[in-house]
Amino acid sequence: MSEASVTTDPASTHVPARMSTLDALEAEGIHIIREAVGTARKPVLLFSGGKDSVVVLHLATKAFWPGKVPFELMHVDTGHNFDEVIEFRDRTVERLGLRLQVMKVQDYIDDERLRERPDGTRNQLQTVPLLDGITQHKYDVVFGGARRDEEKARAKERVVSLRDEFGAWDPRNQRPELWNLYNPRHLPGQHVRVFPISNWTELDVWRYIERENLDLPSLYYSHDREVFKRDGMWLSPHPAVKMRDDERTETRSVRYRTVGDASCTGAVESPATSISDVIAEVASTRITERGATRADDRVSEAAMEDRKKEGYF
Amino acid sequence: MSTDIAYEAADSRVTSLLRFATAGSVDDGKSTLVGRLLHDTKSILADAYEAVERVSRDRGLEAPDLALLTDGLRAEREQGITIDVAYRYFSTPKRTFILADCPGHVQYTRNAVTGASTADALVVLIDARFGVVEQTKRHLAVAALLRVPHVIVAVNKIDLLDYAQGPFRHIERHVQSHAESLGLTNVISIPVSALEGDNVAVASTRTSWYEGPTVLDVLETVPSIDDGADLYGAAHKRGVKHPTAQDAADAETGWRFPVQLVLRPQDGAISPEYREYRGYGGQVAEGTVRVGDPVTVLPSGRTSTIAGIDTSTGALDEAFTGQSVALRLSDEIDIARGDLLAFGTDAPKAERQFHAHVAWLTDRPLRVRDRVLVQHGTAMVQAMVTSIDGILDISLPGGTLDNSIAKGHELLLNDIGVVSFQLAQPLAIEDYGRHRRTGAFCLIDPQDGNTLGAGTARAQVPGSGEDAYVSI
Numbered sequence: 001m002s003e004a005s006v007t008t009d010p011a012s013t014h015v016p017a018r019m020s021t022l023d024a025l026e027a028e029g030i031h032i033i034r035e036a037v038g039t040a041r042k043p044v045l046l047f048s049g050g051k052d053s054v055v056v057l058h059l060a061t062k063a064f065w066p067g068k069v070p071f072e073l074m075h076v077d078t079g080h081n082f083d084e085v086i087e088f089r090d091r092t093v094e095r096l097g098l099r100l101q102v103m104k105v106q107d108y109i110d111d112e113r114l115r116e117r118p119d120g121t122r123n124q125l126q127t128v129p130l131l132d133g134i135t136q137h138k139y140d141v142v143f144g145g146a147r148r149d150e151e152k153a154r155a156k157e158r159v160v161s162l163r164d165e166f167g168a169w170d171p172r173n174q175r176p177e178l179w180n181l182y183n184p185r186h187l188p189g190q191h192v193r194v195f196p197i198s199n200w201t202e203l204d205v206w207r208y209i210e211r212e213n214l215d216l217p218s219l220y221y222s223h224d225r226e227v228f229k230r231d232g233m234w235l236s237p238h239p240a241v242k243m244r245d246d247e248r249t250e251t252r253s254v255r256y257r258t259v260g261d262a263s264c265t266g267a268v269e270s271p272a273t274s275i276s277d278v279i280a281e282v283a284s285t286r287i288t289e290r291g292a293t294r295a296d297d298r299v300s301e302a303a304m305e306d307r308k309k310e311g312y313f
Numbered sequence: 001m002s003t004d005i006a007y008e009a010a011d012s013r014v015t016s017l018l019r020f021a022t023a024g025s026v027d028d029g030k031s032t033l034v035g036r037l038l039h040d041t042k043s044i045l046a047d048a049y050e051a052v053e054r055v056s057r058d059r060g061l062e063a064p065d066l067a068l069l070t071d072g073l074r075a076e077r078e079q080g081i082t083i084d085v086a087y088r089y090f091s092t093p094k095r096t097f098i099l100a101d102c103p104g105h106v107q108y109t110r111n112a113v114t115g116a117s118t119a120d121a122l123v124v125l126i127d128a129r130f131g132v133v134e135q136t137k138r139h140l141a142v143a144a145l146l147r148v149p150h151v152i153v154a155v156n157k158i159d160l161l162d163y164a165q166g167p168f169r170h171i172e173r174h175v176q177s178h179a180e181s182l183g184l185t186n187v188i189s190i191p192v193s194a195l196e197g198d199n200v201a202v203a204s205t206r207t208s209w210y211e212g213p214t215v216l217d218v219l220e221t222v223p224s225i226d227d228g229a230d231l232y233g234a235a236h237k238r239g240v241k242h243p244t245a246q247d248a249a250d251a252e253t254g255w256r257f258p259v260q261l262v263l264r265p266q267d268g269a270i271s272p273e274y275r276e277y278r279g280y281g282g283q284v285a286e287g288t289v290r291v292g293d294p295v296t297v298l299p300s301g302r303t304s305t306i307a308g309i310d311t312s313t314g315a316l317d318e319a320f321t322g323q324s325v326a327l328r329l330s331d332e333i334d335i336a337r338g339d340l341l342a343f344g345t346d347a348p349k350a351e352r353q354f355h356a357h358v359a360w361l362t363d364r365p366l367r368v369r370d371r372v373l374v375q376h377g378t379a380m381v382q383a384m385v386t387s388i389d390g391i392l393d394i395s396l397p398g399g400t401l402d403n404s405i406a407k408g409h410e411l412l413l414n415d416i417g418v419v420s421f422q423l424a425q426p427l428a429i430e431d432y433g434r435h436r437r438t439g440a441f442c443l444i445d446p447q448d449g450n451t452l453g454a455g456t457a458r459a460q461v462p463g464s465g466e467d468a469y470v471s472i
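Sequence order for the protein chains is C and S.
Taking my numbering, I'd label the letters of the first sequence as residues 1 to 313.
Taking my numbering, I'd label the letters of the second sequence as residues 1 to 472.
These are calculated hints, taken from the structure and not from any lab test.
Predicted model, so just to flag it, every value in this text is computed and none were measured.
Note that the Cβ used here is the ideal one computed from N, Cα and C, for glycine as well.
Treat the hints with care, as some may be off.
What the hints assert, rightly or not - From the structure, some residues in chain S lie toward chain C, with a derived Cβ separation under 7 Å:
id : residue
1  : L17
2  : A269
3  : G449
What the hints assert, rightly or not - Which stretches of chain C does chain S cover? Using the computed rule of at least three CB atoms under 8 Å from a CB of chain S, they are:
id : segment
4  : 60-74
5  : 199-209
Produce the complete structure using the sequences and hints provided.
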């Protein structure tokens with residue numbers, strides 16, 4: 001140490017932290033959820049059955065213990081979701097005695113409010129049903145499981161993020177967010193999105209799932225599946241995914257790192273059958289979660305930013 | 001120099017979290033330093049790095065521009081500038097880190113104040129060729145105002161000075177004397193080359209005259225709030241120069257607990273045994289709450305005792321700073337969201353007037369008699385500006401914060417001023433110098449709900465007595 005030394009107590013550096021990173025992230029998540037609900041008229045949690053929304057829901061059960069989670073869940077169903085995930089979603093809602101609102105993209109396509117895209121993917125089509133759901137049910141605080149480490153535009157979004165009458169995010173006009181003071185105030189017609197696990201990484205999420213012994217859809221673990229390769233990703237044959245002439249399916253041991261729309265969510269080859277296997281794999285991986293498995297984020301450098309400006313999650 | 005250290009990810013189940021901020025401009029090499037930290041700790045994943053290489057090549061750059069890792073918005077890439085604070089996440093086997101990367105050019109005050117508000121440590125960049133410049137003083141003033149517990153001054157580009165000791169020692173002395181006049185006690189200067197990697201994550205062999213820690217060494221070892229760093233600070237304020245864990249425990253006095261929610265499940269209980277449960281949900285803002293502690297409720301002044309500390313996984317004997325819990329009291333008294341629970345014999349007073357340093361973060365000016373909402377902990381109270389007593393001007397001679405206040409009667413965007421408020425209801429707002437959580441507040445527009453500014457409260461009467469918030 002130089003003369004201008006920092007006050008570092010030598011003893012303190014060898015004692016295990018009084019609060020681990022997971023403890024701190026959990027306490028922060030609970031604090032954020034309680035703050036948002038404390039000022040909300042009608043909150044809702046966007047629940048897809050994916051691991052991030054499972055963690056947010058679990059934090060909510062802790063935040064309001066010994067009461068039930070005091071808000072509804074909403075899912076925007078693209079119609080291309082994996083059956084296992086929908087089944088898991090419904091089982092979880094049942095177990096916690098909650099109410100689930102489902103907004104179906106298929107309904108919008110059937111009555112021609114939305115048109116199917118040429119490539120068959122429906123992720124981009126979720127925005128309108130999402131905003132309609134928020135308006136119809138008069139939700140004013142919308143919880144989501146987005147994390148800042150997922151994507152560069154998300155790295156700049158606030159924990160509590162104001163959306164205008166069109167659900168749009170204005171990245172250049174965000175409210176400053178200081179200390180642990182969050183500002184969910186908004187005008188009639190506006191709403192706020194709240195992201196309680198903004199500061200978690202993919203690895204934190206998995207370690208927390210392990211510590212809290214959380215149940216997840218089986219897709220997250222290694223299983224044998226008929227897949228075919230497109231743009232370096234393993235896609236699963238699905239009515240929504242037209243295989244091209246030169247594409248052939250084969251059976252591989254795969255798992256999903258994210259469970260979105262089947263038409264654009266890829267699997268990764270993996271032998272990881274348990275939570276600890278997955279943690280070891282995530283800890284050593286060299287490819288980001290979205291880079292590996294989300295075709296929709298590969299479209300352009302600003303694909304996520306553009307979708308968020310239109311009101312996306 | 002070898003930077004080929006096989007870092008594993010930290011085990012977040014046992015290691016602590018450190019939140020730190022970096023302040024400086026592109027010209028100081030801040031983005032390079034951040035990129036170097038991420039790169040040398042093996043925190044940049046392959047596809048992200050390849051994207052940076054590809055875009056850098058497309059722009060005709062010789063080396064990958066690591067700033068591209070953090071500039072996430074279209075406008076930032078188009079203009080080649082960083083607009084907003086970006087949060088980055090990385091870890092070493094010793095710790096996990098949340099880095100708030102604060103750009104220096106646009107919205108300077110807003111970004112620096114935002115990043116510093118949650119930081120356990122602030123890394124300030126200096127270009128070794130130019131030494132302490134006006135921007136350095138501004139960074140140090142923000143660190144002093146926001147009471148960032150540790151400041152690391154990275155004296156960068158020493159490779160351009162052939163790794164000579166003289167210029168570094170000169171800058172180190174200058175930094176030290178300026179920091180002292182601001183009341184900053186934990187400041188360390190480190191000679192680095194972010195470009196070459198010297199003393200960032202790996203000790204340099206080219207600065208044999210320097211025996212101090214690398215930037216990463218300091219970040220890995222300074223106590224964070226989750227290690228009880230606030231207690232070390234309390235011991236430090238009592239004059240203990242290098243507090244031990246025991247000193248820290250001895251220095252601990254009261255605790256503070258802003259009530260977020262009243263937990264009264266009734267028919268919504270998860271099981272019938274909790275039908276009549278009544279607890280108060282919140283996060284411990286400061287100190288350690290213990291079962292049996294006397295409690296004062298603010299602003300009402302009613303008193304009770306802690307009957308229980310609950311979590312969904314079981315009851316606790318004590319809860320410390322940062323923990324989210326539910327408190328039960330031994331008496332049924334009227335408590336609502338916005339109230340502050342405090343240790344009985346060390347409770348602050350709720351007042352209707354206070355003054356503060358205010359960082360003004362919006363386009364329209366703040367003037368005397370303006371009406372705003374004060375967001376303090378979980379409380380939201382109407383307030384009126386009764387006077388604006390000056391504006392911070394770091395170019396004034398004198399060095400201390402109080403000497404750097406120029407006359408002024410309105411605050412413009414990115415100004416920091418001294419402002420007095422009258423409140424519609426009393427608030428237990430405390431001296432930020434001693435209470436980083438209960439001394440902090442935001443100002444909110446009562447009409448559209450936007451966040452207008454951020455403040456750090458000063459002791460009630462400046463310049464008089466022990467509690468005065470003088471020159472920090």
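Consistency of the hints with the structure:
no. : hint    : verdict
1   : L17     : holds, 4 Å
2   : A269    : holds, 6 Å
3   : G449    : holds, 3 Å
4   : 60-74   : holds (count 9)
5   : 199-209 : holds (count 5)
Hint check: no violations occur; every hint is consistent with the structure.
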